[in-house]
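Colleague: The chain contents come next:
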Amino acid sequence: MSNQFEPKLVAFLCNWCSYAGADLAGVSRFQYPPNIRVVRVMCTGRIDPVLILETLARGIDGVLIGG
Amino acid sequence: MRAYAETLPNVVVADRNLFTCSQDTQEKIKEYIREYDLNRVVVASCTPRTHEPLFRETLREGTLNKYTFEMCNIRDQCSWVHRDDPEKATEKAKDLVRMAVAKARLIEPLTDISVPVNHNGLVIGGGVAGMVSALSLAEQGFKIDLVEKGDRLGGQALNLYATYKGDKIKPYVEDLVENVNDHPLIHVYLNTTIKDASGFIGSFASTLTDDNGEKKKLEHGAIIMATGGKPYRPKEYLYGKDPNVLLSLELDQEIMKGSDRIRGARSAVFIQCVGSRTPERPYCSKVCCTHSIHRALTLKSLHPDMQIYILYRDIRTFGDREDLYTEARDKGILFIRYDLENKPGVEKENSRLKVTVTDHVLQRPLEISADIICLATGILPSDNIPLTKLYKVSATKEGFFLEAHMKLRPVDFATDGIFLAGLCHYPKPIEESIAQAKAASARAATILMKDTIEIEPIVSVVNPEICSGCGTCERVCPFGAIHVIEMDGVKKAQNTPASCKGCGLCAASCPSKAVDMCHFSQHQIRAQICALA
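Chain order of the listed sequences is A and L.
For the first sequence, counting from 1, position 7 maps to 7 in this note's numbering; every step adds exactly one.
For the second sequence, counting from 1, position 124 maps to 191 in this note's numbering; every step adds exactly one.
The hints are simulated quantities; they were obtained by calculation from the structure and are not laboratory data.
Be a bit skeptical, because a hint or two may be false.
[Said to hold, decoys possible] Mimicking DSS-like on lysine-lysine, the simulated pairs with C-alpha atoms at most 25 Å apart in a straight line are:
hint	chain 1	residue 1	chain 2	residue 2
1	A	8	L	161
2	L	517	L	495
3	L	232	L	155
4	L	297	L	262
5	L	353	L	232
6	A	8	L	421
[Unchecked claim] Chain A is nowhere near these chain L residues, computed Cβ spacing over 12 Å in every case:
hint	residue
7	314
8	419
9	423
Bear in mind the structure is a predicted one, so any value in this text is a computation, not a measurement.
Glycine is no exception: its CB is placed at the ideal position from the N, C-alpha and C atoms.
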């Protein structure tokens with residue numbers, strides 16, 4: 001089990017919806033795997049494609065954009 | 068975590084607290100700022116969506132620029148959602164703190180943007196909550212537009228007989244309507260709804276339309292939503308088929324009229340939780356237990372020998388309303404419990420109604436002959452969905468408006484400058500609607516009284532030296548907040564901070580990277596990513 005691949009993910013979340021949703025998941029005590037790191041943005045419109053490429057280029061296995 | 072945080076670049080001191088938002092910790096943060104001559108502060112705790120303003124204020128009081136603060140969400144988005152894996156949750160928390168520190172190193176002091184405030188207020192809904200809100204603001208000297216979709220003021224209170232303490236509601240509502248109509252600062256628009264809306268705190272623009280389709284555009288600095296509610300109208304229990312089957316509000320009207328139906332009745336059955344606390348509408352409507360018991364006592368006082376039965380699932384006569392329950396039992400009103408799987412039946416039998424119910428104590432079916440049946444149905448919101456879209460405010464899945472935070476901002480929407488009061492929020496008794504209306508109007512007044520208001524400077528900035536004037540930003544901006552203008556004979560983009568919502572589309576789209584976002588700069592976001600990878 002210890003050798004099993006565990007992806008490291010970055011989520012860019014919109015402050016007004018998905019980030020609030022991620023907070024609500026916490027308030028509701030929903031459980032999900034701890035593989036994800038959230039970067040808060042004021043709107044997903046702010047996500048320059050360069051930021052996604054840079055995230056992947058630096059070895060992050062996947063990018064989630066929620067907005 | 069504390070020891071780890073202290074190892075991060077530029078961190079000179081790290082501390083842990085039981086409650087970082089508590090008053091004494093705020094003082095401690097200010098002391099640290101002085102003692103270590105800090106110029107950036109990171110708090111790792113709950114969510115910036117609720118607590119960032121508090122800590123920014125602490126920094127300001129600690130004489131730092133309030134935007135030199137970064138918050139790291141290790142509760143709502145870490146410890147609470149990874150309860151079963153504390154080791155990995157701690158690793159994640161370390162990553163998040165490292166990312167926050169990396170961003171904090173690059174954040175810059177900013178100055179709030181000042182925008183002018185329109186001193187007029189808009190109240191949507193002419194029921195008790197709306198009228199109290201309007202009157203309370205008008206009494207403080209603000210000009211108020213009160214918009215009501217129906218043809219009269221008063222709302223559901225017009226149908227209510229008395230409060231649980233026995234005060235008659237009708238005279239109070241009539242007084243309120245008169246005061247609102249007579250107030251020189253209140254303009255009432257009947258048969259009117261909101262067609263269109265735009266703007267933000269301090270300067271909203273709403274387009275009203277009346278039944279004839281005539282439109283009028285009005286401007287306001289703050290808005291109160293008080294759109295009210297309505298009773299659920301069931302198809303069951305012969306409602307709508309037999310005139311002696313009444314909703315709670317209909318029973319009140321019969322009592323107020325002193326109708327023959329009430330005068331001739333010798334037996335009454337109340338059925339509680341009709342269409343309420345079901346899988347479809349799981350919420351409790353709060354007022355119905357008290358209302359039915361109180362009205363049963365009213366009937367008992369009119370006809371002391373009337374047989375009255377209350378069929379209930381749970382009795383929730385909260386607070387000192389419990390006295391009514393005790394009084395009802397003393398006066399011989401019978402309470403029979405049923406459950407959702409075994410609901411009562413209602414049939415017509417000769418000229419009377421026959422109610423069948425299985426008594427949970429006797430475990431036997433009972434038959435009750437009734438002259439009138441009162442259905443305590445759940446409270447539904449008005450159709451708030453169009454307003455949620457127009458004003459970008461939230462609602463629950465049942466359609467009730469949703470406040471920004473139950474404890475921190477209980478009458479505010481998450482959208483600044485818009486407030487709520489009354490049944491549109493959730494079912495509640497009239498005195499709570501009135502209290503909430505006064506709270507909402509006090510909150511609205513904190514905006515309306517100002518000449519200008521400070522808004523967050525999380526907006527775009529253009530570097531004119533790099534800008535090629537291509538106009539991509541102007542084309543993508545949804546708010547018309549960035550335009551290409553001629554500067555010394557050269558085309559350059561120029562932003563309008565007051566209109567900018569900080570979405571960052573311009574920054575993401577700019578081919579020359581001449582546009583960036585304050586507080587969410589390319590640089591800062593890259594630093595977060597680099598710190599993680």
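Colleague: Run every hint past the structure and note whether it holds.
Modeller: Here is how each hint holds up against the structure:
Distance check on the hinted pair: residue 8 of chain A and residue 161 of chain L sit about 14 Å apart at the alpha-carbon level, within 25 Å; holds. Under the criterion of a C-alpha separation no larger than 25 Å, the hint pairing residue 517 of chain L with residue 495 of chain L is inconsistent with the structure, at around 32 Å. Distance check on the hinted pair: residue 232 of chain L and residue 155 of chain L sit about 56 Å apart at the alpha-carbon level, beyond 25 Å; violated. Taking the CA atoms of residue 297 of chain L and residue 262 of chain L, the gap is near 22 Å; set against the 25 Å cutoff, the hint holds.
Proximity of residue 353 of chain L to residue 232 of chain L is assessed by CA-CA distance (about 16 Å); at most 25 Å being required, the pair is judged to hold. Among the hinted pairs, residue 8 of chain A with residue 421 of chain L is inconsistent with the structure: their alpha-carbon atoms are about 66 Å apart, more than 25 Å. At roughly 34 Å from the closest C-beta of chain A, the C-beta of residue 314 of chain L stays outside 12 Å, upholding its exclusion from the interface. Even its closest Cβ contact with chain A, about 49 Å, leaves residue 419 of chain L beyond 12 Å, as expected for a residue assigned away from the interface.
Every beta carbon of chain A lies more than 12 Å from that of residue 423 of chain L, the smallest distance being close to 40 Å; the non-interface claim holds.
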